[in-house]
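Student: Okay, here's what each chain looks like letter by letter:
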Amino acid sequence: MMPDDLQAIWVYLETSPLLGLTATLLAYQAAHWLWRKGHMTPLLNPVLLSILMIGGFLMAAGIDYRTYFNGAQFVHFLLGPATVALAIPLYRQIRLLLRSLTAVVVGLLVGATTAAASAMGLAWALGASERTILSLGPKSATAPIAMAVSESIGGLPSLSAVMAILTGITGSVVAVWVLDAVRVRNEAARGLAIGTASHGIGTARAIQLGEVTGAFSGLAMGLTAITTTLLVPLLVGLMFR
Amino acid sequence: MLPSLTILLVCQLAGEVIARLFKLPIPGPVVGMMLLFAGLVIRRGIPENLEKTGTTLLSHLSLLFIPAGVGITVHLKLLADEWLPIVVALIVSTVITLAVTGLVMQVLARGKKS
Chain A
14 MMPDDLQAIW VYLETSPLLG LTATLLAYQA AHWLWRKGHM TPLLNPVLLS
64 ILMIGGFLMA AGIDYRTYFN GAQFVHFLLG PATVALAIPL YRQIRLLLRS
114 LTAVVVGLLV GATTAAASAM GLAWALGASE RTILSLGPKS ATAPIAMAVS
164 ESIGGLPSLS AVMAILTGIT GSVVAVWVLD AVRVRNEAAR GLAIGTASHG
214 IGTARAIQLG EVTGAFSGLA MGLTAITTTL LVPLLVGLMF R
Chain B
110 MLPSLTILLV CQLAGEVIAR LFKLPIPGPV VGMMLLFAGL VIRRGIPENL
160 EKTGTTLLSH LSLLFIPAGV GITVHLKLLA DEWLPIVVAL IVSTVITLAV
210 TGLVMQVLAR GKKS
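Quick note, the sequences are listed as chains A and B, same order.
Throughout the first sequence, residue numbering follows our numbering, covering 14 to 254 in sequence.
Throughout the second sequence, residue numbering follows our numbering, covering 110 to 223 in sequence.
There could be a bad hint or two in this list.
[Stated by the list, open to error] Quick partial rundown of chain B residues pointing at chain A, CB under 7 Å, derived from the structure:
#1 Ala123
#2 Leu166
#3 Pro176
#4 Thr182
#5 Val183
#6 His184
Because the hints were derived from the structure by calculation, they are not lab data.
By construction, the Cβ of each residue, glycine as well, lies at the ideal position given by its N, Cα and C atoms.
With the sequences and hints as input, model every part of the structure.
Tutor: Below you can see the structure in the form of structure tokens.
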């Protein structure tokens with residue numbers, strides 16, 4: 014094959030959504046395989062591994078993020094219907110939910126406040142720029158919500174999306190260790206903690222831990238999204254004025 | 110598969126419309142989740158098809174975060190400049206939130222049982 018042909022094929026691949034979409038699915042399956050091979054150790058978190066693989070590939074090939082996202086958006090789009098589908102595991106736990114409604118609401122309010130205040134407080138104490146501090150505020154909400162809140166308080170939406178994703182990965186890596194260490198054994202409480210601290214990425218991990226844990230994590234993720242949109246602008250007002 | 114995917118999309122669409130119409134601070138898909146939940150409560154059960162599609166979608170939830178996550182490549186310089194406060198804030202705050210939320214809910218749930 015002539016080098017010109019290769020060049021032409023590469024130009025096509027670089028601009029077609031096909032490459033970004035295929036790369037995402039390939040990386041995810043490779044990461045999933047590695048994670049299983051590694052006895053599902055949280056350190057080999059499939060989201061983290063996939064991001065590293067694709068990020069490395071994009072940089073090596075000189076493809077910019079927007080070109081990649083052009084293809085990957087088809088996967089990204091499914092986040093919406095998947096969020097709606099979280100009603101299904103939640104409905105299966107409706108009895109447990111109604112029985113522990115007060116505990117859920119109080120736990121969630123305390124948790125969401127802790128998440129936003131501690132992140133912004135720590136970043137401030139360690140000398141982060143105001144833009145970074147603000148971008149950290151909504152990090153415990155799922156990425157699209159974190160972006161919307163960030164915009165309204167003067168943070169960088171795309172940075173907030175990254176912070177939210179890193180928080181999710183952190184949560185799914187450390188959740189079991191932390192909850193075991195503080196002796197939280199109640200499955201509903203474990204789920205609520207994971208969903209409140211680390212939204213959907215944590216919920217993906219919680220689903221693996223069990224039906225009850227997954228359902229409460231999904232519930233907490235939805236409620237944290239609501240709480241964050243109301244609470245973080247208030248907290249920012251208190252901290253910066 | 111197709112009818113149940115349509116149900117999910119219709120709920121999301123209705124959620125987006127309601128959120129915008131009433132200027133709710135809640136994201137559309139979350140309103141959609143509430144709508145579907147209300148629907149399941151009224152119907153007193155989950156249709157078999159919907160359960161299958163939903164479970165398949167949720168079993169690959171991790172995959173769906175990757176495209177947004179790769180966005181990290183856009184912020185490498187800022188992350189390099191402020192890595193310490195960012196890393197500490199992310200890890201410590203996540204650990205504290207997990208512990209606090211879990212403990213509060215466990216204590217309250219236990220209190221109610223006795």
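Student: Against each hint, give a clear statement of whether it holds in the structure.
Tutor: Going through the hints against the structure:
1. Because the beta carbon of B:Ala123 sits about 10 Å from the nearest beta carbon in chain A, more than 7 Å, this interface hint is broken.
2. With 7 Å as the threshold, the beta carbon of B:Leu166 comes within range of chain A, its nearest partner Cβ sitting at about 5 Å, so the hint holds.
3. Among the interface hints, the one on B:Pro176 holds; its C-beta lies about 4 Å from the nearest C-beta in chain A, closer than the 7 Å criterion.
4. Because the beta carbon of B:Thr182 sits about 5 Å from the nearest beta carbon in chain A, less than 7 Å, this interface hint is met.
5. Nearest Cβ of chain A to the Cβ of B:Val183: about 5 Å, under the 7 Å cut. The hint holds.
6. The closest approach between the C-beta of B:His184 and any C-beta of chain A is roughly 6 Å, which is under the 7 Å cut-off, so the hint is satisfied.
In the structure shown, a violation is registered for the earlier hint numbered 1 alone.
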